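Chemist: Protein chains in written order, with my numbering: chain A, 346 to 620; chain B, 352 to 863.
Source of the hints: derived by calculation from the structure; they are not laboratory data.
Careful, some of the hints might be misleading.
So the derived label-pair ranges between C-beta atoms look like this [claimed, not checked]: (1) A:G448 to B:D580: 54 to 62 Å; (2) B:S572 to A:S476: 37 to 45 Å; (3) A:S396 to B:A797: 57 to 65 Å.
Which bits of chain A does chain B cover? Going by a derived footprint, with three or more residues having C-beta under 8 Å, they are [stated by the list, open to error]: (4) 397-409; (5) 416-423; (6) 560-571; (7) 584-592.
It should be emphasised that the depicted structure is a prediction, and the values quoted were computed from it without experimental measurement.
By construction, the Cβ of each residue, glycine as well, lies at the ideal position given by its N, Cα and C atoms.
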Amino acid sequence: MNIWIKKITENKIFCLLLTLNILLVVFFLFAPQFAPNSPIEIHADHALLDSSGQYPLGTDQLGRCFLSRLLYGGKSSLLMTIGIVVFISLAGTTVGIMAALAGGAAEQIFMRFLDVVLAIPSMVLVLVMVSIFGNGIVTTTIAIMSVSWITYARISHSLVLEFRESNFIKQAHMGGVRSVRILFKYVLPNVFPHIIVVATQDFGDKLLLLSSLSLLGLGAQPPTPEWGYMLSEGKQFMQRAPWLLFYPGFLIFIHVIMFNLLGDRLQDILDPKET
Amino acid sequence: MKKLLLCALSLLAAVLMIAGCGGGDKKTEKPAPAKTEKSAAKHMNIALFWLDKSLEPAEGWNAWSLARAGASECLTTIDENMKLTPVLADKWEQVDPVTWKIHIRKGVKFSNGKEMTPEDVKKTIERAVGKDKRAAANANLDSIKVDGENIIYKTKAPYGALMYNLSEPLFTIIDTSKPAEEIAKTPVTTAPYMVTSFKSGEVIELKANPNYWGGKPGLDSITVKLIKDDNTRAMALQSGEIDIAQKLDKAGADLFKGKSEFNTLEVPSLRLEFAFLNLKHPFLANANVRKAMAMAVDRDAMAKLFNGEPCGTVFPKAAGIGFDKLNKQTFNLEEAKKLLAQEGFKDTNGDGVIEKDGKPFELNLQIFKKTAIPEALQAQLAKAGIKINIRQMDDTQKNLEEGKFDMSLNSYITAVTGDGQRILEQNFSTKGADNYGKYSNPEYDAVIVRLAGEFDAAKRVELETEAQKILLQDNPDLFLVSGKTIIVTKNSVKNLKKYPLDYYLISKDTTM
Numbered sequence: 346m347n348i349w350i351k352k353i354t355e356n357k358i359f360c361l362l363l364t365l366n367i368l369l370v371v372f373f374l375f376a377p378q379f380a381p382n383s384p385i386e387i388h389a390d391h392a393l394l395d396s397s398g399q400y401p402l403g404t405d406q407l408g409r410c411f412l413s414r415l416l417y418g419g420k421s422s423l424l425m426t427i428g429i430v431v432f433i434s435l436a437g438t439t440v441g442i443m444a445a446l447a448g449g450a451a452e453q454i455f456m457r458f459l460d461v462v463l464a465i466p467s468m469v470l471v472l473v474m475v476s477i478f479g480n481g482i483v484t485t486t487i488a489i490m491s492v493s494w495i496t497y498a499r500i501s502h503s504l505v506l507e508f509r510e511s512n513f514i515k516q517a518h519m520g521g522v523r524s525v526r527i528l529f530k531y532v533l534p535n536v537f538p539h540i541i542v543v544a545t546q547d548f549g550d551k552l553l554l555l556s557s558l559s560l561l562g563l564g565a566q567p568p569t570p571e572w573g574y575m576l577s578e579g580k581q582f583m584q585r586a587p588w589l590l591f592y593p594g595f596l597i598f599i600h601v602i603m604f605n606l607l608g609d610r611l612q613d614i615l616d617p618k619e620t
Numbered sequence: 352m353k354k355l356l357l358c359a360l361s362l363l364a365a366v367l368m369i370a371g372c373g374g375g376d377k378k379t380e381k382p383a384p385a386k387t388e389k390s391a392a393k394h395m396n397i398a399l400f401w402l403d404k405s406l407e408p409a410e411g412w413n414a415w416s417l418a419r420a421g422a423s424e425c426l427t428t429i430d431e432n433m434k435l436t437p438v439l440a441d442k443w444e445q446v447d448p449v450t451w452k453i454h455i456r457k458g459v460k461f462s463n464g465k466e467m468t469p470e471d472v473k474k475t476i477e478r479a480v481g482k483d484k485r486a487a488a489n490a491n492l493d494s495i496k497v498d499g500e501n502i503i504y505k506t507k508a509p510y511g512a513l514m515y516n517l518s519e520p521l522f523t524i525i526d527t528s529k530p531a532e533e534i535a536k537t538p539v540t541t542a543p544y545m546v547t548s549f550k551s552g553e554v555i556e557l558k559a560n561p562n563y564w565g566g567k568p569g570l571d572s573i574t575v576k577l578i579k580d581d582n583t584r585a586m587a588l589q590s591g592e593i594d595i596a597q598k599l600d601k602a603g604a605d606l607f608k609g610k611s612e613f614n615t616l617e618v619p620s621l622r623l624e625f626a627f628l629n630l631k632h633p634f635l636a637n638a639n640v641r642k643a644m645a646m647a648v649d650r651d652a653m654a655k656l657f658n659g660e661p662c663g664t665v666f667p668k669a670a671g672i673g674f675d676k677l678n679k680q681t682f683n684l685e686e687a688k689k690l691l692a693q694e695g696f697k698d699t700n701g702d703g704v705i706e707k708d709g710k711p712f713e714l715n716l717q718i719f720k721k722t723a724i725p726e727a728l729q730a731q732l733a734k735a736g737i738k739i740n741i742r743q744m745d746d747t748q749k750n751l752e753e754g755k756f757d758m759s760l761n762s763y764i765t766a767v768t769g770d771g772q773r774i775l776e777q778n779f780s781t782k783g784a785d786n787y788g789k790y791s792n793p794e795y796d797a798v799i800v801r802l803a804g805e806f807d808a809a810k811r812v813e814l815e816t817e818a819q820k821i822l823l824q825d826n827p828d829l830f831l832v833s834g835k836t837i838i839v840t841k842n843s844v845k846n847l848k849k850y851p852l853d854y855y856l857i858s859k860d861t862t863m
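Pulled out of the complex, with its shape left as it was, chain B reads as follows:
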């Protein structure tokens, strides 16, 4: 009894404490290390929302953390205007449809002082392709040969996306002569900052690369730490523990509004929030049903709740791939209801859920992160008589791969390397590796084949637009909204660029 009372009392105390947190400036006991070092050396503390157990660039998304910390350089990069920009490759030309001649920049040194050679580039790319499925899909590699200052890159098939795809941090050029354990902890790159130590899944310590080829980096050292929870990240910034908080939600960003000590950067994100539909589901196999579902979603309302932009197609507006020319998935509840009725759905028992052949239209929606979207989607589809059960899972990927889902809410950077081919090919073509919903349309596949063989940038966009048009007729997924990447910094932080791709953050010029 006493214990229970204590329990209840401590609950109240906790609630009051939490309530007391509102508004006030928080002070933690731990002094920010930045303050003591600031006068002598420029040290920056950054909190990321994600950091994995290893820094092995050629596995998973580890290299994205390196890129955020300014410790990754590839042959190319995508700048803040989404333009393909040369980095370690200073020029390239296409010899024939499957052969590229890429010139490697001269005079670039790794952070350990060793010269970076075309041989290193060859080894890095081959290593990545051998280690990671995603790398293999992005590289489309047949063979690489070193030819003096160039590399001769042959793709398996005509592959127009190549130079874009080589900007994916998976292909961070590293000194491959180091043993694998060392690469996983302190990879040696040519980037402005070098990793000095790594505490698995927690902290990366970096220091300016003394041998950097592009001039002196703006900072002396950086500490990158993982703070997963949005709210905790905001509090760390309030307390002065960190200088930059990447990716705050709107409620977090609101806390810094109108405060002169902080700057808020809002960048339209290239992340598309969408729902995979499993076309093996008897109801979802029907294209008209999918169309009705796409029309039942009010993307404007959803975007407001999510602090984003309505999207309705594969590529958000910021990607610049046909967005304004397309007849996107749009909200029309009456039409949706009509279409469902036409397909034989009717609420016969008055429970608000429509049925067909005695089976209620009830779907499970798997999610891995709680945002405003799942519940908004649930409420909106409920208006069309479709019942959605939200199922939060730790691992939605496994279910996707095994086809054990009705709907799955995901968040992808669709134009991941500034080019659309990868997502269009892998997610929607019949043999695509990530085509979890098992969508198949020969007409669509033909467009993708043409896209792969097209090298002219403008024509590629045209083909990517055409592909989207077909998708918008067939509605294999529910394309919902795109978010905004909100970065809040102390106002002492300078020259932080607004990259739409959220795997870029710190650049050479960033300083304080």
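Looking at chain A on its own, in the form it has when it is part of the complex:
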């Protein structure tokens, strides 16, 4: 652990990226505080206005302050993404480790089943689930969660398999250490760094997936502002009011890029081949 902390603090670019990412997320989590107007209040006389003192980024087709909607939308987009990534990484890892430790026929059957599910593109699965259970922010989030944890289960499972056969685990077993202790003391610390890397890189992916679903009208429902949904609302006005597409698109882009860069750096640092 200490080696990693040292490596992290030595990597300036990583520190910079990490700071920027944290700032970005923290800013949007508290952004509603800075919103100049209500994000859902409709003003019939102010539809599709250019930016002005009252509306710094103009208004949308219903005369709602676009900046306020972006700020509120950021909070819902990011909170949902964070929730999804945290849940699927924890749940997936737990299931993967348990499957690996259980061993035997049960493990084989379970993992082959996961392979089958993985073979179907997750977007398609989510679309099917949403169309069965109805659209909305909650069902979409659950649908994404229920198909995305599998990746983590696969990764953690194969990592544990590697350790299971390694000498230090065998020695611990021979030394009479209890399984639970082996799990927490030896297995988890070796699995988690990998999972963190994957989760960081996955953040952008899930943000995009969530936004795409909202863009299709399956995610966030009106009047809740959400970046993907704002894109879908704005596309009708792309010539008349291009800002309706530009700002939410740009924000999604920035977040995806930042988290991917961070994940890349993290991978470089934690890559065991270099230690």
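Position chain B against the provided structure of chain A, taking the given hints into account.
Modeler: Quick look at chain B alone, frame taken from chain A:
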């Protein structure tokens, strides 16, 4: 990882591209076919917002596409001033309350050169009635007999709306001797333009009818294509791909404002935007609750967002059916709140949604097209403490028919043939085919019976006004706003008439 980065980059590129589109004149690679042919022959390209898979006039709304393309003629038509005008029937008289003697115009030929006879009229109407529910309701047909140059039309009951209803393009007079597959692709009519080919759901090619009885049509040929998306339709016009874009939204129309190459026609539409209320819902069964909801809607604000006119009753102002004499649904939020409180609704848990008997006042609103209205309605009703969940569906009709809805936002041409009986009867009378909300009031039904038996135009309007009065007391629907039909054309297009009924567009005189 790389893939993701690429993904994100392409997203940015797409956003920048889209942003770059703003304002500039777009050029597409495909040259407009019009330009090459223009000098030799007058060819017009039109984009419609809707076109179905078939051109069978007697099914669904296919004939509306024919009418828009100038390829439909009925016995009568409704002109740009909403007046009933003779076309293939040149005069008619009423023999008794259920019998009409309609004289069929002489010397009219189908586009294939065959003479159009009273026999063709009889066959066309009988065929339509047999094929389509809406046609059957509009025709109210008991029997038709050919009597020399006339047809003797008997209705099942006294039916004052008949001659208006026969103007509905469903009753486009066609050469019925053709096989059904041919009628569905290239129906033969007497209209100024004839269909030469049809690519299902995409393009109709038309050419001037050489045998047209009303003189030479203004154009040689027309291409009608479907461009569903408002924005794409506007871009097609900017690029020169089309000459006429029917029904642009306000944001689309704004792009052409002040540009001399284009003309914008704005016609008050006869389409009413309204919400069906399901009276089977325990809260909505209460007339006072419905009244409060009707008062919670600010139609002026909604009309501004929708680029329309506030309406508040069944028939928009342009229909001229009692609009100015009625005490319409109007905005009064304080009264609405008071009325709801009086009915026992109260927000006890402070979440902004009122409850009664522990049940929150929460309704699903089904919509099939995203406009400014659903969200405006949602925001306005929220102020009265009513929570609306917007549910966009591909098929709202099925839910309506099965009664599986709380509220349903729809857009109907209410005075569809220039007369109000059809909508008043089908949507609100107890046995009406389209009475999805299950509204029932014997007093109202009695007025409709009287209306059906009334043949004097002025008295019909009076009765239709009376019927609306009852509806405005009971508020079975939320009557919202009426829109504007915006048509943008290149300025080379001439003589395009401003029809309030949006199923008319190209006429004989339209030229370029």
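Chemist: Now, for every hint given, state plainly whether the structure supports it.
Modeler: Comparing the hints with the structure gives:
Against the hinted window of 54 to 62 Å, the Cβ-Cβ separation of A:G448 and B:D580 comes to about 56 Å, which satisfies the hint. For the pair B:S572 and A:S476, the beta carbons lie near 43 Å from each other, so the given range of 37 to 45 Å is met. In this structure the hint that A:S396 and B:A797 lie 57 to 65 Å apart at CB holds, the actual value being about 58 Å. Residue count for the stretch 397-409 of chain A with a Cβ under 8 Å from a Cβ of chain B: 3. That meets the three needed, and the coverage hint holds.
Only when three residues or more bring their CB closer than 8 Å to a CB of chain B does the claim for the stretch 416-423 of chain A stand; here the count is 0, and the claim is violated. For the stretch 560-571 of chain A, the proposed coverage by chain B is satisfied: 4 residues have a C-beta within less than 8 Å of a C-beta in that chain, meeting the threshold of three. Note: the stretch 584-592 of chain A has 7 residues with beta-carbon separation from chain B under 8 Å; the three-residue rule is met and the coverage holds.
The earlier numbered hint that this structure contradicts is number 5, and it is the only one.
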